[in-house]
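Residue numbers (the working numbering), protein chains in the order written: chain A, 1 to 114; chain B, 115 to 229.
Check each hint, because a few of them may be wrong.
[Said to hold, decoys possible] Rough simulated footprint, nothing fancy, chain A against chain B, three-plus residues with beta-carbon under 8 angstroms:
no., region
1, 159-173
2, 219-227
[Stated by the list, open to error] Label pairs and their calculated CB-CB ranges:
no., chain 1, residue 1, chain 2, residue 2, range
3, B, R181, A, A2, 33 to 39 angstroms
4, B, E130, A, K9, 33 to 39 angstroms
5, B, E156, A, V12, 34 to 40 angstroms
6, A, D38, B, K226, 17 to 23 angstroms
7, B, S197, A, N28, 39 to 45 angstroms
8, A, P107, B, S197, 16 to 22 angstroms
9, A, T15, B, T126, 43 to 49 angstroms
10, A, T70, B, E130, 26 to 32 angstroms
11, A, N28, B, E156, 20 to 26 angstroms
12, A, R44, B, V196, 17 to 23 angstroms
Simulated from the structure, these hints should not be mistaken for laboratory data.
We put the CB at the ideal spot given by N, CA and C, even for glycine.
So you can see what is in the structure, the chains are spelled out below.
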Amino acid sequence: NAGVTQTPKFQVLKTGQSMTLQCAQDMNHEYMSWYRQDPGMGLRLIHYSVGAGITDQGEVPNGYNVSRSTTEDFPLRLLSAAPSQTSVYFCASSSPGLAVDEQFFGPGTRLTVL
Amino acid sequence: GNSVTQMEGPVTLSEEAFLTINCTYTATGYPSLFWYVQYPGEGLQLLLKATKADDKGSNKGFEATYRKETTSFHLEKGSVQVSDSAVYFCALNPSWGGGGNKLTFGTGTQLKVEL
Chain A
1 NAGVTQTPKF QVLKTGQSMT LQCAQDMNHE YMSWYRQDPG MGLRLIHYSV GAGITDQGEV
61 PNGYNVSRST TEDFPLRLLS AAPSQTSVYF CASSSPGLAV DEQFFGPGTR LTVL
Chain B
115 GNSVTQMEGP VTLSEEAFLT INCTYTATGY PSLFWYVQYP GEGLQLLLKA TKADDKGSNK
175 GFEATYRKET TSFHLEKGSV QVSDSAVYFC ALNPSWGGGG NKLTFGTGTQ LKVEL
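Please model the complete structure; the sequences and the hints are all you need to start from.
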């Protein structure tokens, strides 16, 4: 199993550009989430999904869109990038069938918006 | 709302020293508690967990006990190694509403272990 994979690993954007961060998991997990990690702030939840076709907002959703058309994939879209979105983005997945909802994290995407 | 407070770093220790990283939480109900570790350039990995009061999670020599009376989940290790250098995150999972993918994290504590 590859676990949770994310692409790209690094990305530089100009203000106003759009892009999609890809996330895929091969563990058949129902739950998937996107977090951003900023210095001194830990990880903050952007959006999450409890299954294909179902998404909801987390703590910091503004400026980001998500969709979940399959169990495996959960892309994060930046419609018009802003410098405030410079961060490291982590995707995670978990299954409600686990005894405790442990999340499995991808390696992250480091995004810089100029 | 839910929140997690952990001691600020960076923490610098000599090899074989004793480690404590404090973590306290605020939550309604009975959350599950976690410690995650992030090695340089990598994503987060689960280090240990506890699901109810007085549970002790342990892994790789690290331990943490779920203390409901003090709302704490402090991370300890008796003898740290250089390979333990990483950032450690305390986190909670709400006990209701299918909170499995809505973790609340602390700000992280960077640990550096020197020879």
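Problem set entry | Violated constraints from the hint list, given by number and in increasing order | Checked against the structure, the hints that fail are numbers 5, 7, 9, 10 and 12, while the rest are satisfied.
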